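Undergrad: Protein chains in written order, with our numbering: chain X, 2 to 299; chain B, 21 to 282; chain E, 89 to 445.
Be careful, since some hints might not be right.
[Stated by the list, open to error] Derived BS3-like pairs: lysine-lysine, alpha-carbon spacing no greater than 30 Å straight-line:
(1) B:K241 with E:K185
(2) E:K345 with E:K359
(3) B:K241 with E:K419
(4) E:K129 with E:K369
(5) X:K80 with B:K241
(6) B:K241 with E:K181
(7) B:K241 with E:K291
(8) B:K241 with E:K406
Note that these hints are calculated values from the structure, not bench results. The structure displayed is predicted, hence computed values, not measured ones.
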Amino acid sequence: MANRRGRRMGAWLVSGPPLVYLLVFFAAPALIMVLASFRSPAEFGGLAPLVDEAGKLDLNVDSYVRFFTETVFMRVFVKSAWYAALTTLTCLLLAYPLATLIAKSSAKYRDLLLLLVILPFWSNFLIRIYAWMIILGPNAALAKLVNGIRALFGAGPVPLLFSGFAVLICLVYVHLPFMVLPIYANLEKHDQALLDAAQDLGATAWQRFWRITFPLSLPGVFAGAALVFIPALGIFAIPDILGGPEDTLIGNLIKQQFLETRDWPFGSVLSIALTVAALVLAGIAAWVARRGSGASRA
Amino acid sequence: MRRRSPWLRAAAIFAYAFLYVPLLIVVVYSFNDSRLNAEWVGFTLDWYRKLASDTQMLTAAGNSLVIGLVASFVSTVLGTMAGVAMHRQRLRLLPILIFAPIAIPEILMGVSLLIFFVLLNVTLGLVSVALAHIAFCIGFVAIVVRARLAGMDETLTEAARDCGASPSRAFRYVTLPLIMPGVIAGALMAFTLSIDDFVITFFTAGAGTVTLPLQIYSMIKISVTPEVNAVSTLLMLLTLLLIIMAAKLSPSLFRSEGEAST
Amino acid sequence: MIARILAAAFAVGLACAGPAHARDELHLYNWNNYIAPETVKRFESVCQCDVVQTYYSDNEELLAKLAAGATGYDVLVPTSNAVQALIRGGQLKPLDKLALPNLKNVDPAYLNTPFDPGNQYSVPYAMSTTIIGYNDEKIRELGLPTDTWAVIFDPKYLEKVKGRVTVLDSANELFAAALKYLGYSANDVDPAHWDAAAAVIRKAKPYWAAFNASSYIKELTVGNIWLVHGYSNDIFQANQDAQAARRPFHILQGIPKEGAVLAVDNMVIDKNAPRPDLALKFINFMLDGRNSADLTNLIGSGNPNKDAMRYIKPEILKLPAVFPPPDFQKKLEQLKDLTVAQRRLRNKLWTEIKASK
Numbered sequence: 002m003a004n005r006r007g008r009r010m011g012a013w014l015v016s017g018p019p020l021v022y023l024l025v026f027f028a029a030p031a032l033i034m035v036l037a038s039f040r041s042p043a044e045f046g047g048l049a050p051l052v053d054e055a056g057k058l059d060l061n062v063d064s065y066v067r068f069f070t071e072t073v074f075m076r077v078f079v080k081s082a083w084y085a086a087l088t089t090l091t092c093l094l095l096a097y098p099l100a101t102l103i104a105k106s107s108a109k110y111r112d113l114l115l116l117l118v119i120l121p122f123w124s125n126f127l128i129r130i131y132a133w134m135i136i137l138g139p140n141a142a143l144a145k146l147v148n149g150i151r152a153l154f155g156a157g158p159v160p161l162l163f164s165g166f167a168v169l170i171c172l173v174y175v176h177l178p179f180m181v182l183p184i185y186a187n188l189e190k191h192d193q194a195l196l197d198a199a200q201d202l203g204a205t206a207w208q209r210f211w212r213i214t215f216p217l218s219l220p221g222v223f224a225g226a227a228l229v230f231i232p233a234l235g236i237f238a239i240p241d242i243l244g245g246p247e248d249t250l251i252g253n254l255i256k257q258q259f260l261e262t263r264d265w266p267f268g269s270v271l272s273i274a275l276t277v278a279a280l281v282l283a284g285i286a287a288w289v290a291r292r293g294s295g296a297s298r299a
Numbered sequence: 021m022r023r024r025s026p027w028l029r030a031a032a033i034f035a036y037a038f039l040y041v042p043l044l045i046v047v048v049y050s051f052n053d054s055r056l057n058a059e060w061v062g063f064t065l066d067w068y069r070k071l072a073s074d075t076q077m078l079t080a081a082g083n084s085l086v087i088g089l090v091a092s093f094v095s096t097v098l099g100t101m102a103g104v105a106m107h108r109q110r111l112r113l114l115p116i117l118i119f120a121p122i123a124i125p126e127i128l129m130g131v132s133l134l135i136f137f138v139l140l141n142v143t144l145g146l147v148s149v150a151l152a153h154i155a156f157c158i159g160f161v162a163i164v165v166r167a168r169l170a171g172m173d174e175t176l177t178e179a180a181r182d183c184g185a186s187p188s189r190a191f192r193y194v195t196l197p198l199i200m201p202g203v204i205a206g207a208l209m210a211f212t213l214s215i216d217d218f219v220i221t222f223f224t225a226g227a228g229t230v231t232l233p234l235q236i237y238s239m240i241k242i243s244v245t246p247e248v249n250a251v252s253t254l255l256m257l258l259t260l261l262l263i264i265m266a267a268k269l270s271p272s273l274f275r276s277e278g279e280a281s282t
Numbered sequence: 089m090i091a092r093i094l095a096a097a098f099a100v101g102l103a104c105a106g107p108a109h110a111r112d113e114l115h116l117y118n119w120n121n122y123i124a125p126e127t128v129k130r131f132e133s134v135c136q137c138d139v140v141q142t143y144y145s146d147n148e149e150l151l152a153k154l155a156a157g158a159t160g161y162d163v164l165v166p167t168s169n170a171v172q173a174l175i176r177g178g179q180l181k182p183l184d185k186l187a188l189p190n191l192k193n194v195d196p197a198y199l200n201t202p203f204d205p206g207n208q209y210s211v212p213y214a215m216s217t218t219i220i221g222y223n224d225e226k227i228r229e230l231g232l233p234t235d236t237w238a239v240i241f242d243p244k245y246l247e248k249v250k251g252r253v254t255v256l257d258s259a260n261e262l263f264a265a266a267l268k269y270l271g272y273s274a275n276d277v278d279p280a281h282w283d284a285a286a287a288v289i290r291k292a293k294p295y296w297a298a299f300n301a302s303s304y305i306k307e308l309t310v311g312n313i314w315l316v317h318g319y320s321n322d323i324f325q326a327n328q329d330a331q332a333a334r335r336p337f338h339i340l341q342g343i344p345k346e347g348a349v350l351a352v353d354n355m356v357i358d359k360n361a362p363r364p365d366l367a368l369k370f371i372n373f374m375l376d377g378r379n380s381a382d383l384t385n386l387i388g389s390g391n392p393n394k395d396a397m398r399y400i401k402p403e404i405l406k407l408p409a410v411f412p413p414p415d416f417q418k419k420l421e422q423l424k425d426l427t428v429a430q431r432r433l434r435n436k437l438w439t440e441i442k443a444s445k
């Protein structure tokens, strides 16, 4: 009896503090902006008063109507999702071998290798992007190489900078550690004995990977995918700095609403739509993961 | 027998190269004799000299470091608790509060936190920035810790409880060492997010508060000079040094259960 | 153990974070690099106070932050249309003219504008024009004109520089240029004219390398980009950097004959300023000719201060984009703030332009 009560108290002690913190410093501010999506923008910027001069409550759904009738926002959203998906996949392909190498390293090197992954990201974001602008510049080696190869096939030169390619490379670059670290944290606990046993039973390297390692690492893969896909969906700085004229993502549109257009209600609507879409996609992925892990246990 | 596939090695080396070529450019260009970060002109130590006398940039770097350490520490503690809670209990509200800050556009969160702080009459400054950073870092830590716990053998923890350990002792001596790599991974991510954050920091900073990103992003329309490369290089080295020192002084902290006893 | 490391890090960080100030403080919220360091030092010794500077890189960032309720700033430096918005929003403190004897130094042409009649809240600080910047070597080779917006919008010119042109990533600036190109006023609000401008932009878009307001100057300076729609200060700076790097070309300013946007930045006092007395002292100080000239000599910004002319370097005085001759001055317009409905329409057109193929 006492133990059960103790357990419930213990459960609250663990989930309580983060819950309270997030309710105060995330949910409350977020609700302010959810409410803002039903308000009108003030002429000069910000939000119009909640109660107008006539004493009436100034709430409306204008911004929502606009969101659902102007299809251009849907198009941009789909494009952003596409970029985010490509980024996530590429990060996964690059991160998995890296995380495996680190997890399999001896204890002496493991921490150093891990730190080396995250060290570049303690430099400032802007100069890392500027470094990429140097690498992708029209007179730099990479552009000359790519266009030289294209010339061999008779194709015209393409700019590497100010293009979707540049945006994608930088998206992958900026998000890579957030895929490496979760996968590493998961792989690190894998029991080598399982793999050795499988090898003794005649499994090839590929079979050992595909049927043992990868399924066991799925929680890490999904965590990494979530921590890359969801933030990548809302990014705006990279297209701003080195995107081409067609690389406008939903993050850029949202930023415009809050800054240039000073239409906070509409910015809120776009943000809510983005958040809901991201949460739904994350929920679907989690559901698929749970079903998948259930099946493999059978 | 541990035979490491050559493909694995090659892929990993390619990934490290991908990570480090831009960084090498960053470091090399901190010695570039040109105001622009665009092409190599010549070698100079001027930017480091300029940095040494640039109190505002140094203050900004110091503030970023302090906020980063505080925010990553608090968010790691709260995030670990959240990750454990989500793994062990069937919660409804907490997972939403964990995922939403990652999804929500930064500019919305920045503006709404500013409005919120103003409503509560909170003085804007380093503290308001740190509070904001913690809010968006918790989710990252929680998700990684939960992924680490997934599929983990809880029998060890239960065995500890059966042997009479209180929940906190069972956590501290059994669970925590088991999830430590996840906790460390989360802490590293939180620190990275905090020291490079611009949008939320811009809105929640006070009238006299500078952090490194605020200082640097404001240069974006004129010129981000190699002084920024210099301060970034030094900040990276300093942080690396701090971590190596911490690892040497408490090696048990970074090891997983296999090596804890050594 | 870990606690000790953290404590050491704290100490390092706090040491860098600076001691608490015992002197008076003036909080200046300004664009980065928009005041010469020696000017700040001179003021600090005159007033025996510290100037605490924080920065924004766009008027809109300033407006958003103030609209959400941020306080603690004394002096702000918004552009005229932002001043208009701030006055409408009741965000500014009226200026005590008696404390500003140096106001007489300002050229009357820049005073008493429709944005702030009678200069109740603002005084002009510095200016720039949004014009054409180009790489003289490349543009001469290609035989392109540099005195018309057509070189940015007309496909017959654009084909020669395809992929080497950038335009500002600002709906207001680009629409203004397109409207001027079509012969309308930059402040025209007729939706039909806006549609025509949007069509012009759409037609030219495939030839442009990027919509960019942040890294375009870098690329222009190193020669990757040959033609830009940009700010006169930036283009001036680009030329200085190109010369410093001993590049074989010059970056020159092209004055479009159809006219251009003039941006006048002003000093204002926030209504919740903690030290309005210091703010007035600062504004009066900056209205002195010598102090005002420092910035022009540093970044090539335009200057509305008559008394500053004798301190400005002669080569800058000669630049028509910085100190427009009378015939160009007539074609310059300052952008007016738009109403909510107009901003929404413009945003709709802008989004469609950006999302189109």
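Undergrad: A separate judgement is required for each hint: does it hold in the structure or not?
TA: Do the hints match the structure? See the list:
1. The straight-line distance between the Cα atoms of B:K241 and E:K185 is roughly 34 Å, outside the 30 Å bound, and the hint therefore fails.
2. Taken as a hint, the E:K345 and E:K359 pair is broken in the structure, with Cα atoms around 41 Å apart against an allowance of 30 Å.
3. Restraint check for B:K241 and E:K419: satisfied, since their Cα atoms lie roughly 26 Å apart, inside the 30 Å limit.
4. Distance restraint check for E:K129 and E:K369: the Cα-Cα separation of roughly 14 Å lies within the 30 Å cut-off, and the hinted pair is therefore satisfied.
5. Straight-line distance between C-alpha atoms of X:K80 and B:K241 comes to about 27 Å, which keeps the hinted pair within the 30 Å bound.
6. With a C-alpha separation of about 29 Å, the suggested pair B:K241 and E:K181 falls inside the 30 Å cut-off, and the hint holds.
7. The straight-line distance between the Cα atoms of B:K241 and E:K291 is roughly 27 Å, inside the 30 Å bound, and the hint therefore holds.
8. Distance hint between B:K241 and E:K406 is fulfilled; the C-alpha atoms sit about 25 Å from each other, no more than 30 Å.
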